[in-house]
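We have chain H already, so just place chain E on it with the hints.
Number of protein chains: 2
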Amino acid sequence: MGWGDLGAFGEPSKETPNLDQMASEGMLFLDFYTANPLCSPSRAALLTGRLPVRNGFYTTNAHARNAYTPQDIVGGIPDSELLLPELLKKAGYINKIIGKWHLGHRPQFHPLKHGFDEWFGSPNCHFGPFDNRALPNIPVYRDWEMIGRYYEDFKIDLKTGEANLTQIYLQEALDFISKQQASQQPFFLYWAIDATHAPVYASKHFLGTSQRGLYGDAVREIDDSIGKILKHLQKLGISENTFVFFTSDNGAALISAPKEGGSNGRFLCGKQTTFEGGMREPAIAWWPGHIPAGGVSHQLGNVMDLFTTSLSLAGLQPPGDRQIDGIDLLPAILQGKLIDRPIFYYRGNEMMAVRVGLYKAHYWTWSNSWEEYSKGIDFCPGQNVSGVTTHTQEEHTTLPLLFHLGRDPGEKYPLSFASDEYQRAMERIAVVVQQHKVTMVPGEPQLNVCDKAVMNWSPPGCEKLGKCLKPPKSDPKKCFWPH
Amino acid sequence: MGWGDLGAFGEPSKETPNLDQMASEGMLFLDFYTANPLCSPSRAALLTGRLPVRNGFYTTNAHARNAYTPQDIVGGIPDSELLLPELLKKAGYINKIIGKWHLGHRPQFHPLKHGFDEWFGSPNCHFGPFDNRALPNIPVYRDWEMIGRYYEDFKIDLKTGEANLTQIYLQEALDFISKQQASQQPFFLYWAIDATHAPVYASKHFLGTSQRGLYGDAVREIDDSIGKILKHLQKLGISENTFVFFTSDNGAALISAPKEGGSNGRFLCGKQTTFEGGMREPAIAWWPGHIPAGGVSHQLGNVMDLFTTSLSLAGLQPPGDRQIDGIDLLPAILQGKLIDRPIFYYRGNEMMAVRVGLYKAHYWTWSNSWEEYSKGIDFCPGQNVSGVTTHTQEEHTTLPLLFHLGRDPGEKYPLSFASDEYQRAMERIAVVVQQHKVTMVPGEPQLNVCDKAVMNWSPPGCEKLGKCLKPPKSDPKKCFWPH
Numbered sequence: 000m001g002w003g004d005l006g007a008f009g010e011p012s013k014e015t016p017n018l019d020q021m022a023s024e025g026m027l028f029l030d031f032y033t034a035n036p037l038c039s040p041s042r043a044a045l046l047t048g049r050l051p052v053r054n055g056f057y058t059t060n061a062h063a064r065n066a067y068t069p070q071d072i073v074g075g076i077p078d079s080e081l082l083l084p085e086l087l088k089k090a091g092y093i094n095k096i097i098g099k100w101h102l103g104h105r106p107q108f109h110p111l112k113h114g115f116d117e118w119f120g121s122p123n124c125h126f127g128p129f130d131n132r133a134l135p136n137i138p139v140y141r142d143w144e145m146i147g148r149y150y151e152d153f154k155i156d157l158k159t160g161e162a163n164l165t166q167i168y169l170q171e172a173l174d175f176i177s178k179q180q181a182s183q184q185p186f187f188l189y190w191a192i193d194a195t196h197a198p199v200y201a202s203k204h205f206l207g208t209s210q211r212g213l214y215g216d217a218v219r220e221i222d223d224s225i226g227k228i229l230k231h232l233q234k235l236g237i238s239e240n241t242f243v244f245f246t247s248d249n250g251a252a253l254i255s256a257p258k259e260g261g262s263n264g265r266f267l268c269g270k271q272t273t274f275e276g277g278m279r280e281p282a283i284a285w286w287p288g289h290i291p292a293g294g295v296s297h298q299l300g301n302v303m304d305l306f307t308t309s310l311s312l313a314g315l316q317p318p319g320d321r322q323i324d325g326i327d328l329l330p331a332i333l334q335g336k337l338i339d340r341p342i343f344y345y346r347g348n349e350m351m352a353v354r355v356g357l358y359k360a361h362y363w364t365w366s367n368s369w370e371e372y373s374k375g376i377d378f379c380p381g382q383n384v385s386g387v388t389t390h391t392q393e394e395h396t397t398l399p400l401l402f403h404l405g406r407d408p409g410e411k412y413p414l415s416f417a418s419d420e421y422q423r424a425m426e427r428i429a430v431v432v433q434q435h436k437v438t439m440v441p442g443e444p445q446l447n448v449c450d451k452a453v454m455n456w457s458p459p460g461c462e463k464l465g466k467c468l469k470p471p472k473s474d475p476k477k478c479f480w481p482h
Numbered sequence: 000m001g002w003g004d005l006g007a008f009g010e011p012s013k014e015t016p017n018l019d020q021m022a023s024e025g026m027l028f029l030d031f032y033t034a035n036p037l038c039s040p041s042r043a044a045l046l047t048g049r050l051p052v053r054n055g056f057y058t059t060n061a062h063a064r065n066a067y068t069p070q071d072i073v074g075g076i077p078d079s080e081l082l083l084p085e086l087l088k089k090a091g092y093i094n095k096i097i098g099k100w101h102l103g104h105r106p107q108f109h110p111l112k113h114g115f116d117e118w119f120g121s122p123n124c125h126f127g128p129f130d131n132r133a134l135p136n137i138p139v140y141r142d143w144e145m146i147g148r149y150y151e152d153f154k155i156d157l158k159t160g161e162a163n164l165t166q167i168y169l170q171e172a173l174d175f176i177s178k179q180q181a182s183q184q185p186f187f188l189y190w191a192i193d194a195t196h197a198p199v200y201a202s203k204h205f206l207g208t209s210q211r212g213l214y215g216d217a218v219r220e221i222d223d224s225i226g227k228i229l230k231h232l233q234k235l236g237i238s239e240n241t242f243v244f245f246t247s248d249n250g251a252a253l254i255s256a257p258k259e260g261g262s263n264g265r266f267l268c269g270k271q272t273t274f275e276g277g278m279r280e281p282a283i284a285w286w287p288g289h290i291p292a293g294g295v296s297h298q299l300g301n302v303m304d305l306f307t308t309s310l311s312l313a314g315l316q317p318p319g320d321r322q323i324d325g326i327d328l329l330p331a332i333l334q335g336k337l338i339d340r341p342i343f344y345y346r347g348n349e350m351m352a353v354r355v356g357l358y359k360a361h362y363w364t365w366s367n368s369w370e371e372y373s374k375g376i377d378f379c380p381g382q383n384v385s386g387v388t389t390h391t392q393e394e395h396t397t398l399p400l401l402f403h404l405g406r407d408p409g410e411k412y413p414l415s416f417a418s419d420e421y422q423r424a425m426e427r428i429a430v431v432v433q434q435h436k437v438t439m440v441p442g443e444p445q446l447n448v449c450d451k452a453v454m455n456w457s458p459p460g461c462e463k464l465g466k467c468l469k470p471p472k473s474d475p476k477k478c479f480w481p482h
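Protein sequences, first through last, are from chains H and E.
Going by numbering that gives the first Met the number 0, the first sequence opens with residue 0, and the numbers climb by one from there.
Going by numbering that gives the first Met the number 0, the second sequence opens with residue 0, and the numbers climb by one from there.
One or more of the hints may lead you astray.
Note: identical chains are not told apart, hence a pair may lie in one copy or across any two.
[Claimed, not checked] Once the Cα atoms are required to be at most 27 Å apart in a straight line, the calculated BS3-like pairs of lysine-lysine come out as:
| hint | residue 1 | residue 2 |
| --- | --- | --- |
| 1 | K477 | K411 |
| 2 | K234 | K336 |
| 3 | K336 | K13 |
| 4 | K158 | K411 |
| 5 | K234 | K463 |
| 6 | K158 | K476 |
| 7 | K178 | K89 |
| 8 | K112 | K89 |
| 9 | K451 | K477 |
| 10 | K374 | K411 |
| 11 | K436 | K89 |
| 12 | K178 | K234 |
| 13 | K154 | K469 |
| 14 | K472 | K234 |
Calculated from the structure, these hints are not laboratory results.
Bound-form chain H, shown alone (with noise of 0.2 Å):
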């Protein structure tokens, strides 16, 4: 989902009456991001409070690529990390992930070997269907064991667009509130559900009922999902006890576009890409009683904060072993503070961009290469700016592209490098920049080695369904990461 597909973010169509009524009883966050304009190392970031490049989510297989945790990844999340859920537990929470995971799929990266108590969903993304010969069905999981397969057990019907997921989702997510409220736990519910990735799907109750097509039915059935979460929460008497945030894991992705695509609103290209559409998100924090109604905010933050802040609301404090990222944004939530502190715009092992206050200095740039853009394959359609949505790598390190956001939020018009405001903001950014690069220590990069043979061939549980298909021989090479 991208920063424009909410009604409060300025969606032409305006069919995001829960979320944007979840903005008017909280805090709309302008100035929000992800660590990464990719679903895993976005998701590791989130867990971790660390970007990409420190915890592994990243590959040096080649400069700049994205890479995520398709089912022939042989890494995931290292055990060297510590997960939110993890920290939680200290505190006595009951951690529940439903969805996708999408931190590696193999025994050693499963969710409950992680943190999480509880888990309803899958490892991977709901591509397929795949003939499980060349390719497995991506396995569901409850808790330890498969329960069953996308597009066999769990149906999306490519054709009309129908599957029940979203609805499934949101009923575990009811029952999982319902039961800690019963016994008084406290909880932490990661809601990671696939909707709006390609392909698209919406249950048959919100099928065709969107202006915007297949993806206005999903974004419509995750509104009324999230309504219901929250009135769930108002009913059982827990909403001013409880913390929610929503947000994105990267910019809309405009390849799927029109039929399967989402909406950045006015800023430059779409998911893969470091530019804003790929990067920055919708967020809205809800807590009833704390959070001021109507709240805006302008604070720069980043999916990594959910991780800090997390610990922060549990009484507990982020480890001071290693670097994180992420801040305690209460002060901004509950206080209307405004803390300085940059933005990293990463693309697997390069720092591409970084925002200070308002200013973006792109260190690198590249939307992808001409081969797959004269394949048809764009991040940035009906978009071209020159000498900024390149379709070679170009390096800016000694002279970046500099952005005001405030003026020029797409990107299109980079500062004269001998313009005084050039100069000044070059001086505060440098320094940043310079900081953030002598105490980068990367992580083991765990998006480099890929493997037919560590599928979703025999998930555990797959006997007692029938389920065990036959792994091919090992045969590890170096993933290929195109762009």
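Quick look at chain E alone, frame taken from chain H:
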């Protein structure tokens, strides 16, 4: 000002608290249009309820050209046109225009000859400063006579961007409202301020206060002023008896970006074009006690509807002796009805496109000429949709380019000509267009002839001020309209 310039429409700086509040207390129109992507024709359409091609605010000097009323224009609003204030007089209204008139500056076109009782403002744009030899500075009128000129008696500092004009216009508005309330006089106030037109200005108090630079300062001052006007109505106890509508005359002028250019959100291109960015406008209706608070409407609306709607509010009928294009929006505003009606997108003498429901069919596409474009004149900066944002006039009358504005608000993905959806939609649209074309009787074009002798050399009242200038010899010529 463009669709995307208000917080309520997703401007990322969200700096328009008063307009956003006006929307939350009233009704937000998401699908509201101007009748032309340029100032004069748009304003003529608003005041006559008729398309510019009917009321004469267009040119036949060349095909599909934007034209307006610069100082050397010979034409203006014809006497045969019936303007809103003329008609409102019949219901006892006192009518005032504050700000830019733009329907012709020669004596016969004076607003007080066309139904207004009072005028404070100027007949043309605030371009300048001029040397009073090749070009006179633009006069500012109070009622029948000029009281000074821009850049002379009404300062605009192009270096700092400082000008007090919006404050002056605000005070005029507040005073006029107070006076009418005191005498319990029904009134129509057309508050047609110059800001945010380039050269962009703001008063000292607002300069440097916006994230968005000078343009944002101007938007903030407008926002603040409208807040003050609404509060004034409330303070005087007449808010439940006063219908207020906020909109703009064309999309944001992207050629002025980034320093002086606004935002059309995610829509394509800007002012001068018949893409959504040129013609879809921010729009808010406000009438406490009558319009349900927080309303959102997808009614296809047009500035011409303000003519018919205002008459309806005053208990009057639109004239029956001519084609009126504006419709009465009250059923949409008060009862939330959706009235089926098309939107026509004209550029000069050509119907470029039509919107019916969520479909928009382009019969002609053009941004501007290659010649202009090569000189850096760009109405679609950073945007380029192949075959759509064309730099030659492309005719599609036999096979219109069709877009679904729900799935594709950015007009990036024309529907396949072979699709069932295309066939079905075009069948419906063809009927609408056919009916429109066969009943179209174009008015006498007013924007064809230019003559330096007719400029604002010696406006009425100039003698008293010693500000009369000597006109050159009359030399009428065809006006040149490049785009």
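task = Quick one: which hint numbers does this structure break? Sort them smallest to largest.
result = 1, 2, 5, 6, 11 and 14
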